[in-house]
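**Q** Given next are the chains, with one letter for each unit.
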Amino acid sequence: MLRQRLKTSLKKTVRTLVHLLPVIVGMLLLTSLAITAFPEQISAGLFGANDLLDALIGASVGSIAAGHPLASYLLGGELLKNGVSLVAVTALIVSWGTVGIVQLPAEALLLGARFAVYRNLICFFSAIAVAFLCVYTLRLVGQ
Amino acid sequence: MTRIDATRRNLRPGNWLFLLTVLAAYGVTGLVHAELATRALELFGDVMRKVIPALGLVFVLLVIADLLLQPQWIRRNLGRDAGVRAWLIAMFAGILATGPVYAWQALLRELRDKGVRASLLAVFLYSRAVKLPLLPLMIHYFGTAYTLVLCLYLLGFSILSGALIARLEDQQHL
Chain A
1 MLRQRLKTSL KKTVRTLVHL LPVIVGMLLL TSLAITAFPE QISAGLFGAN DLLDALIGAS
61 VGSIAAGHPL ASYLLGGELL KNGVSLVAVT ALIVSWGTVG IVQLPAEALL LGARFAVYRN
121 LICFFSAIAV AFLCVYTLRL VGQ
Chain B
144 MTRIDATRRN LRPGNWLFLL TVLAAYGVTG LVHAELATRA LELFGDVMRK VIPALGLVFV
204 LLVIADLLLQ PQWIRRNLGR DAGVRAWLIA MFAGILATGP VYAWQALLRE LRDKGVRASL
264 LAVFLYSRAV KLPLLPLMIH YFGTAYTLVL CLYLLGFSIL SGALIARLED QQHL
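Read top to bottom, the protein sequences are chains A and B.
For what it's worth, the working numbering labels the leading residue of the first sequence as 1, then goes sequentially.
For what it's worth, the working numbering labels the leading residue of the second sequence as 144, then goes sequentially.
By construction, these hints were calculated from the structure, which means they are not laboratory data.
A virtual CB, placed ideally from N, CA and C, is assigned to each residue, including glycine.
One or more hints might be untrue.
DSSO-like cross-link-like pairs, simulated, lysine-lysine; straight-line CA separation at most 27 angstroms [as the list claims (entries may be wrong)]:
1. A:K7 <-> B:K257
2. A:K12 <-> B:K193
3. A:K11 <-> B:K257
4. A:K81 <-> B:K274
5. B:K257 <-> A:K12
6. A:K11 <-> B:K193
7. B:K274 <-> B:K193
In silico negatives: residues of chain A with every beta carbon more than 10 angstroms from chain B [to be verified]:
8. L29
9. L53
10. I57
11. I64
12. N82
13. G83
14. I101
Looking at chain B on its own, in the form it has when it is part of the complex (with noise of 0.2 angstroms):
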């Protein structure tokens, strides 16, 4: 049995115990408020329909990381002697990508069973918070100075969180 296979077969059962919980607080929300419970449910109905089309483009891109992502080339481009070069593309793959974060972990979580730095992901997850998409709304409601400001320090900052993962956690696994 690989290391994967391991990880993928001891995560089941806190996968379930994980939603299993979530029930049960819906449970208790349930029996003591029970309308917002219900307004709750609704808004999950509506969130799901969303989240449809971009599992959808998860699978995709997670087919596409299995058939091009081989170790040989991981280990080169964002492996642990990876330099600078991992840094930006783990910076503009964060930039770019879109859609809600934990459909995006199973794709880091993949990553990382193949030899991606922590610090990478860190770096990944923090740039996110640059959204290309919706910076036209951000420019309305907080002015282009603003927006430019804020982008900067937050493209600065997912560089230094990935250089203080890469302390505290990447040492761990050396």
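Same shape as in the complex, but just chain A (with noise of 0.2 angstroms):
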């Protein structure tokens, strides 16, 4: 019985994952394409005009870049010391942890448009109000 349902299971999900490697590999490439088109030091310019501008800015960076979380950490420690706000920098670290511009057509394609697209866009708007609220409750704490 038991064996008749991990082998029903075993080939289901090879099916599921055969059914994905397009869009597994299609998203590959293409986080590939654009963390490749985004260089680092462009970033480093857009900042610095006000806080609600830097905070849209930082947002609209960490949505459209992807990859590893580690990456924003970096890039957001290497802002922080260029000078860049912190405000900026906890809005491009969490659009980037939860925002995915560039994975959309896939979380589209598995999850549907509507879930998709109206997720995106509460990250986006969540991640610059997280930002102001992160930075306020410091200030307020006395960090």
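Join the two chains into one complex using the hints; note that each chain is given alone, in its own frame.
**A** Listed below in structure tokens is the structure:
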């Protein structure tokens, strides 16, 4: 009984992964192209006008940039060292982890277009909100 | 033909079209800026090597999910009538989830087909922003207070995003 269920599950999962293969490979190709085409040096020159604009830019950069979250910490850390505001860096880190413009086509295919668009929009605006709340909370507690 | 089978069948052309579109983008990039396309392909090779083990883990989890997550359990714990516990399960699963998001999307698709609410998927995807293994690095760069405050806000907003998705998306399927 269990053996039969395991066999069925294995077959079903292999079929699922085979169907998903073009999405995964396509996603990785697209992410690689986006990361390569987006040089870090440009980002440092984008910030500095005011907190709101910085947060918007930070969230936009984080939304477009795909890749391991580790990269967002490194980039955020470097930007902070170069004088970019903590609000902008936080918006970048949060949107990097939650928004995925590059992954949007894949997310829409797998989880539905409405869900993907709504979720990414909510995450984009919440990245800006989290950035301000986080920085103001830290100021409030004297950090 | 079941709903899942139908969905899978309908998914195929879109998937291949997506890959073809990306390959076309590479073709255009290669014509305009050959070096950029080459560097992107090299990066793709590196990333692919790192992703393959994660996909292996996803395969195992998909099999386990298919074996263990029976429709009755899902309806009871993560379905439309499930309460606060479902939100907490989704949040902690997101915190513990590692690997690239697109690998998890396959599992989320399977769960959604089995009746898991969209709002819970949103909570899961949002709380993935809290990366337990990377917390020491975040503390190193930004300090303990910042890391703690940010993580608490991320968890709070994961619930908020789920609540918003519940209003926008779940109601469409009632």
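**Q** Hint by hint, note whether the structure agrees.
**A** Here is how each hint holds up against the structure:
Distance restraint check for K7 (chain A) and K257 (chain B): the Cα-Cα separation of roughly 19 angstroms lies within the 27 angstroms cut-off, and the hinted pair is therefore satisfied. A threshold of 27 angstroms between alpha carbons decides the hint, and for K12 (chain A) with K193 (chain B) the separation of about 25 angstroms falls inside it, so the pair holds. Straight-line distance between C-alpha atoms of K11 (chain A) and K257 (chain B) comes to about 18 angstroms, which keeps the hinted pair within the 27 angstroms bound. At most 27 angstroms may separate the alpha-carbon atoms for a hinted pair to count; K81 (chain A) and K274 (chain B) meet this at roughly 23 angstroms.
At roughly 14 angstroms between alpha-carbon atoms, K257 (chain B) and K12 (chain A) fall within 27 angstroms of each other, so this suggested pair holds. Taking the CA atoms of K11 (chain A) and K193 (chain B), the gap is near 25 angstroms; set against the 27 angstroms cutoff, the hint holds. Among the hinted pairs, K274 (chain B) with K193 (chain B) is consistent with the structure: their alpha-carbon atoms are about 18 angstroms apart, no more than 27 angstroms. A beta-carbon of chain B is positioned within 10 angstroms of the beta-carbon of L29 (chain A); the least distance is around 5 angstroms.
In this structure L53 (chain A) is separated from chain B by more than 10 angstroms, as the shortest Cβ-Cβ distance comes to about 21 angstroms. No beta-carbon of chain B comes within 10 angstroms of the beta-carbon of I57 (chain A); the shortest separation is about 19 angstroms. The non-interface label for I64 (chain A) is consistent with chain B: the shortest C-beta to C-beta separation is roughly 15 angstroms, beyond 10 angstroms. The Cβ of N82 (chain A) sits about 13 angstroms from the closest Cβ of chain B, beyond the 10 angstroms cut-off, so the non-interface label holds.
With a closest Cβ-Cβ approach of about 15 angstroms to chain B, G83 (chain A) is found to remain outside the 10 angstroms limit, as its non-interface label requires. The non-interface label for I101 (chain A) is consistent with chain B: the shortest C-beta to C-beta separation is roughly 12 angstroms, beyond 10 angstroms.
In this structure, the one hint that does not hold is number 8.
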